[in-house]
Amino acid sequence: MSADTYITRPNRALRIYAVIFLIVLYLPVLFLPLFSFNDSIYIKFPLTGFTLQWYADLFAREPVWHALMNSLKVGAVVAVLSTIFGIFAAKAITRYRFPGRGPVVGFVMLPLVVPLIIFGVALLVLFSQMGVKLTLYTVGIGHLIICLPFAIATLIPRFEGFDRSIEEASADLGENAWWTFWRVTLPMIFPGVMASLMLTFTVSFDEFIMAFFLSGTQPTLPMYIWGQLRFPKELPSILALSSIIILASFVIVFLGQWINRGANGRTIRGE
Amino acid sequence: MSEQTAAEADLSKARSERTGRTGRTGRLSRMFYRSEALRGLGLLSPALLFMLAAILVPFGILIVMSFWTASGFDFDTTWSLANYQGFFERPIYMALLKRSLWISGIATVATVVLCYPMAYYVAFHVHRNKMMWIVLITLPFWTSYLLRVFAWKVVLGYEGVINSALMAAGLIDAPLQFLLYSQSAVVITLTHAWAAFAILPIYVSLEKIDRSLLEAATDLGDGPVMRFLRVTLPLSLPGVTSASLLIFIPTTGDYITPALLGGPDAAMIGNLIQKLFGPINNWPMGAAVSIMLMLCIALISGVFILLTIFLRRRIS
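Chains as they are written, first to last, in our numbering: chain A, 1 to 271; chain B, 272 to 587.
Looking at chain B on its own, in the form it has when it is part of the complex (with noise of 0.2 angstroms):
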């Protein structure tokens, strides 16, 4: 150890000769390159600072926004709970939190359980053309998450592609109502359109398992079922977790599925909070409602997070 940082030093000093800096700045640079910490945090400093900048303070005012309340056209400064006791005062908040979060939750559900054996084929039954295969199942991921909503919205509309279809072939007489402005229909979008955010993670975590304990389950016994639920399930349930967040935390604040395909029983948390600091003009009130709904997010992830820790010391 201490051999290695005199050799650093060495080489330090050996630097600040060649490049003639001597003195204060050279000892600093010295400094510099022998402290990791220092380097590492000053090659990180651009992307954190503008990310404290661009995250952290948008923030905090958000956090103080929301105990200001709205007077016409202005805001009230004085510090109120008004906002967020009209969140839990009047049905209409709430009402609109759960229905996310259930809308959202499903649309998780869902998901993680069409993908689960996409992710599981290319990590076990594809052995040439893997990259293929992850790069065809990302692909419609990358382009526009608006036009991938306004496709389904083709799909499912009232003169859309299946109703169309079903009425040209004779099959119905008139459209299909409950295809378009449901929540069946968000869902059905949202699971589409997070695929990928799913099978990447579970994919992963599917790859990393050791090939040699499936052939010691099966060694001691195990029919293809029982190594299923024993080992690869279990090993894989960190990519399940990660899978589940990454597509619950941002859908529940999703506003352009419900506005495109959700109608009136389908509205969300997101369109609300749109419509609060657009239509409504009540921006102190929709800084409530984000702050709720972000502490919603945080906590159930947080419960969720706790009981695969928990589930997973259960199992190993």
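Chain A with its partners taken away, still in its complex shape (with noise of 0.2 angstroms):
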């Protein structure tokens, strides 16, 4: 440790770049919860006053809660299927050789580097060609395409961060593979199975780009917010939408990385 410090010197500008990069990252997403406590159906500076007029609002109004109902559902069936994929994914990728690994593990992960609109609008055509309408099932396996490369990577490095031969004790001990799989593999990788419920959710219940091909008359709250982008004088009841979903979100988000808090450092210090 001592033999790198003059190597890694503390250097200010470093430092103060740094924070005014995270000031930067948080900014503008801050914006959105200052402005709809703001007495004044303009979003602009000077603020005029502190209100929650815009949250009572949001409450009295009918469609949000639709498009909640519906983005809640769609997200807790979307989290528990990937995470379940990608239960399985994880463990054969990091316990078994098998050809073609490398390939069908890329492949897997493709909804990573593909624009999401190309998914949207193939989807879009093979539901249409196949008679099937839309609907939030639609919706969900739009959906599922994008969370599963996502429950992959939180879940494998749970699996790399256990030692196997406990597995094989158990079978040795006489559990077949399935009460194996329950009494000791699950224990074991639980942290990131609710990390990966955590974020899938989170990931399916912000996602906009899907849902616009895929939802048909059955809008996401994502969707929803899209509509009442065009009327100006929805944009404080708006604000104060955004404002609820940022919250919840960072909530999951950090209780989910908290939980699998192990297995993160791992991954991001090693593979």
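Simulated from the structure, these hints should not be mistaken for laboratory data. Remember, it's a predicted structure, so these values are computed and weren't measured experimentally. The reader is advised that the hints may include incorrect statements.
Computed cross-link-like contacts, DSSO-like style, restricted to lysine-lysine with a CA-CA straight-line distance of at most 27 angstroms [as the list claims (entries may be wrong)]:
no. : chain 1 : residue 1 : chain 2 : residue 2
1   : B       : K546      : A       : K133
2   : B       : K479      : B       : K401
3   : B       : K546      : A       : K233
4   : B       : K369      : B       : K546
To be clear about the criterion: a stretch of chain A counts as covered by chain B if any three or more of its residues have a C-beta under 8 angstroms from a C-beta of chain B, and this derived list gives those stretches [stated by the list, open to error]:
no. : region
5   : 29–42
6   : 159–167
7   : 238–251
Glycine residues also receive a C-beta, built at the ideal position from the N, C-alpha and C atoms.
Since each chain comes alone in its own frame, lean on the hints to assemble the complex.
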């Protein structure tokens, strides 16, 4: 440690840069809650006064609740499904050598680098040719594509971080594969599973592009926001709604990262 | 090797005896236990089959549809190259494609350049609380992309944060027009929205660098600048490459940012695709434009990857 201090000597300029960077990263997002408490229909300085009116307005609106329910439903189902698929996939990737492993993993991770609009229109075309009506189910399929890579990436370090001889010992002691998984593997990877559930739920809950093409007549919350952005007099309420969503997302993601903190440290440092 | 397989065979035999599965199912289950490949692929199959069905099949149909033509409210399903001809003959398509590549290219460079020092700081100068920094940097990225773009509309808008603050301070009399509805607004927003995608890969590659190499460079007489240029930067190139691709590829197809902040001068190819599948209602043409976008992205990414491989070979 002391040997590399002259290489990693404190650098004040860099430190200031880092702090400014973080401020710029958060500031635009924090303007939304700031103006959501402002007592004016216009989003501009100077602030005119404190009000909770926009939040009260929000509670009185029926469509918001519908959209919220839609987002919650899709998010919950997508989180559970992508985490289950993710557990299997992460185990396969970390434990077994099989032909074509590299390309297969690359393929499953593809949604991280392909523009989502392409997935959106491709699925839209598929559903319309199959005569499938656009509903929350079609949105869910779209979200599953996006969430699966996140689930796998969250779970892989958990599988890498534990001694597989414990699983073997359990098998040798007479447990079958299912009970070994249930009583040994699952408890060990549990923090990763919780993190994966929370992260994939947030990704699905916040997702807009897929929902835009695939939601039909049942809007999710981001779709509802998009629809309201056209009307200037609706903006303060949208600010209030956005602030609630941002706060909820921050809390869920932070909890997820915190629960899974051991594995995260390992991934970021190692692989 | 053979000893090991023999041991594995014994083990699987013992397992099949224990579970009482003999005969055909026993043989099958023994084969299953013995073959890593089968077990691996078996476990991966739910995810893989879903992805194949949800990615490759729609893609195939998208390609097929791009050779159809729109006729009224229906499709003319006779094969034709008309959409692709139109793409090359009518200037608007190429212009939008070029502009998209240009805008996301600039945004990618800006993001990587601005995020590199940040990643460097966390990798080399943060000793405790590294995780806290990483969580702080990635946290905003998990919130809705739509909301982060909307936030920039609030900041850059005609009566937005910047303009109204400057006017309230008496520095300007009328709002600055160039802030919103311009290509620079799109670039600023994209740079902000994709920062986490640049910082993480660069940070990981910086963290992997063996610190003794830096000491060696110092011992051999390199100052901080030369040490950075000859050791740190080349060794972090893989991170820079993946950061660039992780930002460039998805942003080329973005349509939210240009729609909210872009105005007419900054419409991108994603807006065109969205219009073709929405109000214009020419799906075959939309399919053709999507295919062209994918081809273009694949081509550029391929060239970029080859270039970095070549560059890395030259360095090492």
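Going through the hints against the structure:
1. Proposed proximity of K546 of chain B and K133 of chain A is supported: the alpha carbons are some 21 angstroms apart, at most 27 angstroms.
2. A C-alpha spacing of about 14 angstroms is found between K479 of chain B and K401 of chain B, which places the hinted pair at or below 27 angstroms, so the restraint holds.
3. For the hint pairing K546 of chain B with K233 of chain A, the CA-to-CA distance comes to about 26 angstroms; that is within 27 angstroms, so the pair holds.
4. Taking the CA atoms of K369 of chain B and K546 of chain B, the gap is near 18 angstroms; set against the 27 angstroms cutoff, the hint holds.
5. Here's how the region 29–42 of chain A fares: 5 of its residues keep a CB closer than 8 angstroms to some CB of chain B, so the rule of at least three is met and the hint holds.
6. Requiring three or more residues with a Cβ within less than 8 angstroms of a Cβ of chain B, the coverage given for the region 159–167 of chain A is violated, as only 0 such residues are present.
7. Given a C-beta distance limit of less than 8 angstroms, the hint that chain B covers the region 238–251 of chain A holds, as 7 residues qualify and 3 suffice.
In summary, the one numbered hint that this structure violates is 6.
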